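Visitor: The residues making up each chain are set out below.
Number of protein chains: 2
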Amino acid sequence: MACLQSSLDPLVEITVAEDTSRDDQVTVLVSGRPNKEEINRFPQLEKLIIPWAGVPEETFEVLKAKPAIEIHNLHHNAVPVAEYALMLMLAAAKNIIPMDRALRLSNWQLRYETGTASLLTGKTALILGYGHIGRVLAKYLKSFDMNVTATRYSVKFPQAEDRVEVYPANSLRSLLPKTDYLIIALPHTPETDGLIGEPEINLLPPSSILVNIGRGAVVDQGALFHALKTKRIASAGIDVWYNYPKNEESRINTSPADYPFHELENIVISPHRAGGLNTDDTERLRMSHLAILLNAQARGDEMPNRVDRQKGY
Amino acid sequence: MACLQSSLDPLVEITVAEDTSRDDQVTVLVSGRPNKEEINRFPQLEKLIIPWAGVPEETFEVLKAKPAIEIHNLHHNAVPVAEYALMLMLAAAKNIIPMDRALRLSNWQLRYETGTASLLTGKTALILGYGHIGRVLAKYLKSFDMNVTATRYSVKFPQAEDRVEVYPANSLRSLLPKTDYLIIALPHTPETDGLIGEPEINLLPPSSILVNIGRGAVVDQGALFHALKTKRIASAGIDVWYNYPKNEESRINTSPADYPFHELENIVISPHRAGGLNTDDTERLRMSHLAILLNAQARGDEMPNRVDRQKGY
Numbered sequence: 001m002a003c004l005q006s007s008l009d010p011l012v013e014i015t016v017a018e019d020t021s022r023d024d025q026v027t028v029l030v031s032g033r034p035n036k037e038e039i040n041r042f043p044q045l046e047k048l049i050i051p052w053a054g055v056p057e058e059t060f061e062v063l064k065a066k067p068a069i070e071i072h073n074l075h076h077n078a079v080p081v082a083e084y085a086l087m088l089m090l091a092a093a094k095n096i097i098p099m100d101r102a103l104r105l106s107n108w109q110l111r112y113e114t115g116t117a118s119l120l121t122g123k124t125a126l127i128l129g130y131g132h133i134g135r136v137l138a139k140y141l142k143s144f145d146m147n148v149t150a151t152r153y154s155v156k157f158p159q160a161e162d163r164v165e166v167y168p169a170n171s172l173r174s175l176l177p178k179t180d181y182l183i184i185a186l187p188h189t190p191e192t193d194g195l196i197g198e199p200e201i202n203l204l205p206p207s208s209i210l211v212n213i214g215r216g217a218v219v220d221q222g223a224l225f226h227a228l229k230t231k232r233i234a235s236a237g238i239d240v241w242y243n244y245p246k247n248e249e250s251r252i253n254t255s256p257a258d259y260p261f262h263e264l265e266n267i268v269i270s271p272h273r274a275g276g277l278n279t280d281d282t283e284r285l286r287m288s289h290l291a292i293l294l295n296a297q298a299r300g301d302e303m304p305n306r307v308d309r310q311k312g313y
Numbered sequence: 001m002a003c004l005q006s007s008l009d010p011l012v013e014i015t016v017a018e019d020t021s022r023d024d025q026v027t028v029l030v031s032g033r034p035n036k037e038e039i040n041r042f043p044q045l046e047k048l049i050i051p052w053a054g055v056p057e058e059t060f061e062v063l064k065a066k067p068a069i070e071i072h073n074l075h076h077n078a079v080p081v082a083e084y085a086l087m088l089m090l091a092a093a094k095n096i097i098p099m100d101r102a103l104r105l106s107n108w109q110l111r112y113e114t115g116t117a118s119l120l121t122g123k124t125a126l127i128l129g130y131g132h133i134g135r136v137l138a139k140y141l142k143s144f145d146m147n148v149t150a151t152r153y154s155v156k157f158p159q160a161e162d163r164v165e166v167y168p169a170n171s172l173r174s175l176l177p178k179t180d181y182l183i184i185a186l187p188h189t190p191e192t193d194g195l196i197g198e199p200e201i202n203l204l205p206p207s208s209i210l211v212n213i214g215r216g217a218v219v220d221q222g223a224l225f226h227a228l229k230t231k232r233i234a235s236a237g238i239d240v241w242y243n244y245p246k247n248e249e250s251r252i253n254t255s256p257a258d259y260p261f262h263e264l265e266n267i268v269i270s271p272h273r274a275g276g277l278n279t280d281d282t283e284r285l286r287m288s289h290l291a292i293l294l295n296a297q298a299r300g301d302e303m304p305n306r307v308d309r310q311k312g313y
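So the protein sequences, as listed, match chains Z and L. 1 is the number of the first residue of the first sequence in the numbering used here; add one for each residue after it. 1 is the number of the first residue of the second sequence in the numbering used here; add one for each residue after it.
It should be emphasised that the hints constitute simulated quantities derived from the structure, not laboratory data. Do not rely on the hints blindly, as some may be mistaken.
Unchecked claim - Below, in silico cross-link-like pairs of lysine-lysine (DSSO-like), each with a Cα-Cα straight-line distance of 27 Å or less: (1) Z:Lys64 x Z:Lys36; (2) Z:Lys156 x Z:Lys178; (3) L:Lys66 x L:Lys311; (4) Z:Lys178 x Z:Lys139; (5) Z:Lys311 x Z:Lys36; (6) L:Lys47 x Z:Lys139; (7) L:Lys246 x Z:Lys142; (8) L:Lys139 x Z:Lys178; (9) Z:Lys139 x L:Lys142; (10) L:Lys246 x L:Lys139; (11) L:Lys139 x Z:Lys142; (12) Z:Lys36 x Z:Lys246; (13) L:Lys66 x L:Lys47; (14) L:Lys178 x Z:Lys139.
Said to hold, decoys possible - If you only want the chain L side, here are some residues facing chain Z, beta carbon under 10 Å, derived: (15) Ile14; (16) Val16; (17) Ala17.
Stated by the list, open to error - Chain L side only, calculated, beta carbon under 10 Å to chain Z, not exhaustive: (18) Lys139; (19) Ile292; (20) Asn295.
In this text, all values refer to a predicted model and were calculated from it rather than measured experimentally. No residue lacks a Cβ here, since even glycine has one placed at the ideal position from N, Cα and C.
With the hints as extra help, turn the sequences into a complete structure.
Guide: This is the structure we're talking about:
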């Protein structure tokens with residue numbers, strides 16, 4: 001809170017949920033999953049800010065009755081997610097999971113095996129869903145002299161953006177055969193559901209590496225499992241899944257998928273941590289981005305990061 | 001061999017060990033660990049090229065009787081080692097080893113823990129031994145807007161090199177308290193033996209991360225173990241060790257250190273793989289760098305990468 005206050009214009013007044021004395025003055029609510037009562041509590045409410053990027057299904061539902069309320073989200077997590085995506089690319093490329101596991105058992109054999117590691121330098125990356133995260137990631141990848149390509153739904157013709165070739169989403173199949181690293185940064189929408197299935201994976205080179213930091217359902221889990229199991233692709237780094245813990249108790253026994261990905265050597269698996277939830281670093285970024293939105297409102301400027309309710313992001 | 005030949009000047013003639021017909025014409029030998037007979041076999045020998053960076057102790061020994069023979073080495077591995085160093089920094093910063101291990105057991109608890117991940121963005125890196133590897137690594141780190149500092153033995157006064165602050169080696173202790181990521185890229189010499197011990201580690205901030213891709217003996221193993229065990233520093237990524245397999249049989253049962261690093265959660269351990277030995281990518285880089293040295297010889301230019309026998313690198 002102190003961190004947020006220090007970045008705010010003096011014009012912005014903050015109140016907290018416990019304080020009901022100014023409910024009729026509140027124009028902006030910061031809440032990820034408000035229920036109907038919370039929305040109805042503020043008669044002057046103009047804008048809801050979700051303090052992260054992905055808008056929960058139930059929040060769209062709750063706001064259906066209030067079409068005039070704008071939904072905004074925060075992209076402060078583009079930096080941690082892009083760092084995490086690069087970590088997964090490198091960890092998968094260098095095969096660090098089995099290396100670490102074997103050496104902990106005093107086994108050095110992998111040191112002497114051929115063909116178990118790839119470079120990023122000079123290779124081609126394809127980023128699906130070229131938005132906030134993709135632009136940060138592209139900056140890192142260019143430092144490796146990678147050839148960075150990308151797709152974006154809103155692009156109609158191929159275009160160059162700061163040394164990145166951005167293609168329309170329907171160019172996917174023609175791009176896959178040239179892709180060494182496929183990075184999925186797409187939200188889950190009807191258009192992206194199961195977008196990467198067996199036919200798409202079969203277009204990738206056998207040496208390719210797939211990283212998903214978007215949403216699990218964009219990649220068909222059976223197709224991914226079989227491609228890794230049969231070495232149809234070299235490896236993968238996966239942070240987003242098909243099954244999530246439904247409550248605190250199930251955090252210790254929720255298998256992330258319906259296939260035994262945990263048996264595979266050529267995958268790095270991670271419990272949806274790319275946003276770097278709960279770290280001091282992330283909270284600092286979140287507060288400074290929240291301040292940008294609140295300051296815009298206070299100054300009468302257009303508030304950035306408006307969510308398109310139709311598209312869902 | 002075809003790959004090497006394609007990068008060579010027509011002036012360069014190559015012969016292989018099995019062919020003894022041209023032994024008296026050989027002026028350059030490419031061999032990592034030649035014995036005395038191999039050296040004496042070539043009466044015209046002017047130069048030995050070690051096809052990697054670190055010159056083996058026994059090779060210096062063998063060549064003691066031949067002070068006129070120049071030793072050269074290859075730094076083609078600067079790119080794979082720098083990529084590997086970044087992988088270890090990110091893997092340690094994001095705590096991926098315990099995350100992957102727990103999720104393979106359907107355990108998501110780490111997802112909800114605080115303070116287990118750090119950003120690179122905006123932090124300060126200190127690279128000890130700013131040579132070929134450090135310069136490549138610095139290029140990557142600058143893409144994260146990191147503040148990159150470094151030390152080099154041959155520097156007498158602090159100087160800026162392409163946005164990196166390079167300090168004399170004796171500035172170490174004044175640099176450590178400001179360091180978030182300490183990357184050790186030093187060779188093992190009498191000056192660097194045990195350079196990072198308990199007093200040095202105690203100067204690092206508790207949130208700092210240590211990565212060693214130089215040589216194990218530069219870091220005191222007991223001091224490192226205790227610092228990690230007691231969380232005196234946050235985590236480490238270690239590719240270079242204290243004990244190595246002495247033969248093929250012992251590859252499955254050689255503990256890399258005298259302390260149980262394998263019991264620690266806050267470390268990524270790797271069996272000296274940063275050079276990316278044996279991958280196609282690395283061999284391509286190695287051959288193109290070897291060609292640069294051989295072409296220089298053929299043209300009568302000074303051959304690059306001469307090793308200083310006194311300094312040992």
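Visitor: It remains to establish, for every hint, whether it holds in the given structure.
Guide: Going down the list of hints, with the structure as the test:
no. : hint                : result
1   : Z:Lys64 x Z:Lys36   : holds (10 Å)
2   : Z:Lys156 x Z:Lys178 : holds (21 Å)
3   : L:Lys66 x L:Lys311  : holds (17 Å)
4   : Z:Lys178 x Z:Lys139 : holds (20 Å)
5   : Z:Lys311 x Z:Lys36  : holds (22 Å)
6   : L:Lys47 x Z:Lys139  : violated (42 Å)
7   : L:Lys246 x Z:Lys142 : violated (40 Å)
8   : L:Lys139 x Z:Lys178 : holds (26 Å)
9   : Z:Lys139 x L:Lys142 : holds (10 Å)
10  : L:Lys246 x L:Lys139 : violated (36 Å)
11  : L:Lys139 x Z:Lys142 : holds (10 Å)
12  : Z:Lys36 x Z:Lys246  : holds (22 Å)
13  : L:Lys66 x L:Lys47   : holds (11 Å)
14  : L:Lys178 x Z:Lys139 : holds (26 Å)
15  : Ile14               : violated (23 Å)
16  : Val16               : violated (21 Å)
17  : Ala17               : violated (21 Å)
18  : Lys139              : holds (5 Å)
19  : Ile292              : violated (17 Å)
20  : Asn295              : violated (21 Å)
Of the numbered hints listed earlier, those contradicted by the structure are 6, 7, 10, 15, 16, 17, 19 and 20.
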